[in-house]
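Chemist: Protein chains in written order, with our numbering: chain A, 1 to 580; chain B, 1 to 334.
You may find that some hints are simply not true.
[Stated by the list, open to error] Okay, derived cross-link-like pairs now, PhoX-like style, lysine-lysine, Cα gap no bigger than 20 Å in a straight line: (1) 201(A) to 144(B); (2) 385(A) to 486(A); (3) 560(A) to 144(B); (4) 249(A) to 486(A); (5) 144(A) to 261(A); (6) 201(A) to 159(A); (7) 249(A) to 144(B); (8) 486(A) to 201(A); (9) 75(B) to 65(B).
What the hints contain is simulated information worked out from the structure, not anything from laboratory work.
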Amino acid sequence: MSVEKPVVSLADLCSRYEGLLVPDERQGFEGYLISPDHLISFCRSLRDDVGYDYLSSVTGVDNFPAEQMEVVYHFYRTTGGPSFNLKLQVSRHNPVVPSLVPLYPGADFQEREAWDLLGIRFEGHPDLRRIMMWEGFEGFPLRKDWREPFFEDEAKPFKSRWPDGQVIRSEDQNPYKNNVRYPNDFDPEQWTPVGDDALYKGMLNLSQNIQSEFKTDQIVVNLGPQHPSTHGVFRMVVVLEGETVLSLKPVMGYLHRNHEKIGERNTFLQNMPFTDRLDYISSMSNNFGYALAVEKLMGIRPPERAEYIRVMMAELTRFLNHIFSIGFLLNDLGAFFTPALYAIEERELILDVFEAVSGSRMMCNYFRFGGVARDLPDGVLEKIKELVNDRLPRKLEEFERYLTKNDLVRIRCEGVGVLSPEEAIALSAAGPILRASGVPYDVRRADPYSIYDRFDFDVAYGLHGDIYDRYLVRVEEMRQSLRILKQVVRDIPEGPIMSGKPQYQARVPPGEAYGRVEGPKGELGFYVVSNGKPNPWRYHVRAPSFINLTSLATMAKNQKIADVVAILGSIDIVLGEVDR
Amino acid sequence: MDGAMILEWVIKSIFLILVMTGGFAYVTLYERKVLARIQVRIGPNRAGPFGVLQPVADGIKLIFKEELVPAKADKLIFTLAPVLTVIPALIITAVVPWGTEVTLFGRTIKLYLADINIAVLYLMAVTSISIYGIALAGWSSNNKYATLGGLRATAQMISYELALGFAMIVPVMMAGSMSLVDIVESQKPVWFVFVQPLAFLIYFIAALAEINRSPFDMPEAEQELTAGYHTEYSGMKFALFFMAEYIKMIAISMIGSSLFLGGYRGPFVDQLPALGPLYLFIKVAIVLFVIIWIRATLPRIRYDRLMQFGWKVLFPLALLNVFVTGVVLILVGG
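One chain only, chain B, in its complex shape:
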């Protein structure tokens, strides 16, 4: 392990974090534009051409906003909670491959940060951590709405984590490996979404619930709980929650693309590896569009029905899917 290799890792990590935070900014713009189009509006178009500077303006506004801390809040945890939410969101995509290998400056660079052999387990572990941030935020703000939002978030995430896990096991079984690079490579003949449409659907629904997106945005249900767990947050602390939510959106889309939609694979990617990130980008953009589209069109499901759906429909279905996949794999001799 030479110094250049460490440098390469550092550069790649910084690049990844920058892409995720920059991506967050532009996903907000993307969402606002798409929502506006769906709702017969125009959307932000004042800051810069086509509103491309809107995220910058939003960021500057949030930085200069006053940071309020409620008088009876637990100050340490109140400050820690957004950080605890945003860090898992930032590190989660470390194991997602962007492509195979490219040669830059005479050096072969692998287009992924880490190809660890327990990548799927890593994903599961890291996504679970972010619940702590939300639950603590709800609890520490000393606000009833926030507490209710935090409690809802915890219950919801725990319920949907199981279905999510089982949906993620299916590609692992098909590929015979937990490494995401292997999983993507084994989708060379056919994407898993065509073999396992049910698993993809379960993954998508559970992932929406996991990142609290509509129609499962219970923890921050505006109409009931004002803003849920981040009711009392303002300024940059609020921006961190916001950032975590959108980065998680990107992450979920990236992971889903890698597990089911062939990741960076696409036509001619073997001949021209630099196409890999482009294909991944397009797939992520499409998945994001669907997420936003759902937000624009569906009303929210009620909390108790959401839990029922999670435990009584999604979880057994995911379990059954894993079972059937296993039996078929053994019979075919995979």
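Bound conformation, chain A alone:
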């Protein structure tokens, strides 16, 4: 990766935009406000001159009763360092902002999501369609005045159930079919989906002007939503010429449950178990990210022992996620479940540890604001020591011996699905995808959180950006995780596991916070805005596997159809997180 020295500093740039760029001076908020007219030119200088080349997150905040909506951007440097937050304030009636897709193509899906859920129109976006909801859906569900069909109350705990406990369910009072609001001329019985035909036509037109000596027809194939290797209900619309992929568009949202809306109804603590359901393979990391964001708002830090336990759990999660994803990558390559089942065997052992500490194997719900829920039970530390020092390194070597030099694996993976470092950064790819492309950007190093600055570890990165490098990066990361874990089990101190006493209701002062961790799948961020009430005002998840999918179309272009499946496997998506 070429590191160019920024020609101007951030302060220079800010002073150049004196008057147009206003610091956000609300209590607990940081960053700058800018007017939509200057966004593009400012961001161009920000990217090209100052070096904030990585657009981590784009989202919106609805400031209902106030007639105003905010668009929030988080920029980072891939060379490391803290974020630069930029905000736009627009009218709620007609929120129009310029699209950043021409500058940062990684904003593509995130802007579509903001349009879909909040109704913010991004002028200049090449393909501004709904992404989670269906085409023709009425309203923008994340707006504060939008109410779900079984609406009960603005915020939990619902008054009908607490404190008196007389449960009245809104589905009884408001039975099915009376609860839904349709636009006036809409008849659900007569409605036919319209979005897809336009999508197919557009894709065929795009790929039509290809010269070939034969007259051939291109076909549109829908890989998914029911398909064995999309890892869930995910659809790839593929235009094929023979077996070669000419263009590809991912279609998602089949598992959409408006996680963020539910998260805004929940109290802060109720969201902790809810984050488990995002990436259900690695719930501990999700907990970690959310706990960090809220702790930033509350201004507390967990005690030493809790920090060590957290890092331990996060690294075990990384190991199990990577070994699982490698196993299933091989499955996507056509190996009949053997590598996957070998991987699952190791995963089970780690899940045993999770069960011992948290009581649950997958939905751990283990972290709390200012610590963790319980201390390690007797014997668990010995078990982890045994795993980390003996069993897991041995099994990792075994995996490597069978797979890394395997000719069939290399033939299928080398040079397939290549993503150049420039593309990877531009498309906001994160985690192993970004690092395999040769950008050694790891949040644990670039912007250390928790106690990661104390441990020795290397950031694994690849040079070619193909599937094989992503595999190698994952293997190396597992090894580095074990290295961190060895230091953790050596150094873990005795002591309390919570700062303050455990509480059912977190008191969160007003403000905003963006907590991000290096999750196994990439940068997992939680953008939380509090207005001092028991419920978050805005709860946004920067889901790594959702944003990594932005680069799928680039990687899959001109590859064979068999490779598309492997490429998708190498991105390592979990649909619970993609669709939220």
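Add chain B to chain A, keeping to what the hints say.
Modeler: This is chain B only, laid out in the frame that chain A set:
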């Protein structure tokens, strides 16, 4: 040709078909058990002791399943295709000898259905027919995955048929006859696999491709094409495809054993001819095990590379092997 002889043929044919269909059922169990062991699992063990009734349970389930025919499918061909696939698979082993002769009820019975002098040609011809079933199944289901699967199958089988044919010619040259009985008998001193290891390897690889087994299971590549040509099939029609695939597995193992591994030959088989079928059975079981083992361990090769491998490596190699064998045979004066 007396009536008893015709009766004998009929009985032998029925016996052969029953053995093949029963064998199919138990090869599925065998495969599941072996796969499970390789994958640190236990495998089916609920239906009957050690799961021996599992194939029966599977069969009953498939019979009672609803048969779906896609709305825009070509119904006649859609129904015909599985039949067209399964019949060649059933008749292919007619020429494979199970042993020499045994005496039952005072009658000398030859342990093979037909000893025709063009047996190897017959094998080649019959294996080619089954492609039609697969291609038609893919085409008639009016499904893109199925069409792609059917096309892949056709291209793949045609490419590998050549290498397969050349590999099968080698034992014919060594034995000087196309009859499988003669070929097996001429392996009395030494099995052909020791004289012609390359031909056996080519035969084995090409045969795997021919019957669409891993790592050449392109036409039904689950990860890409859901189930390939039989995506739209359900119930008994699906079972027929399934049956064809497994019977072809047995057939390929039997033919391979006969051509290269000495067929029914083994120690004391001349003194005790009834040992013949047992030896053949053991050899088939070993070859089947290798096929299953490969399925459990190898990832799939990509389609275009598979074709390259077939045309650029396997085919020239097979041709060269035939040429060298011919030259050596003439020089030695065979």
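Chemist: Against each hint, give a clear statement of whether it holds in the structure.
Modeler: Comparing the hints with the structure gives:
{"no.": "1", "hint": "201(A) to 144(B)", "verdict": "17 Å, holds"}
{"no.": "2", "hint": "385(A) to 486(A)", "verdict": "8 Å, holds"}
{"no.": "3", "hint": "560(A) to 144(B)", "verdict": "16 Å, holds"}
{"no.": "4", "hint": "249(A) to 486(A)", "verdict": "43 Å, violated"}
{"no.": "5", "hint": "144(A) to 261(A)", "verdict": "9 Å, holds"}
{"no.": "6", "hint": "201(A) to 159(A)", "verdict": "50 Å, violated"}
{"no.": "7", "hint": "249(A) to 144(B)", "verdict": "18 Å, holds"}
{"no.": "8", "hint": "486(A) to 201(A)", "verdict": "55 Å, violated"}
{"no.": "9", "hint": "75(B) to 65(B)", "verdict": "18 Å, holds"}
Hints 4, 6 and 8 from the earlier list are contradicted by this structure; the remaining hints agree with it.
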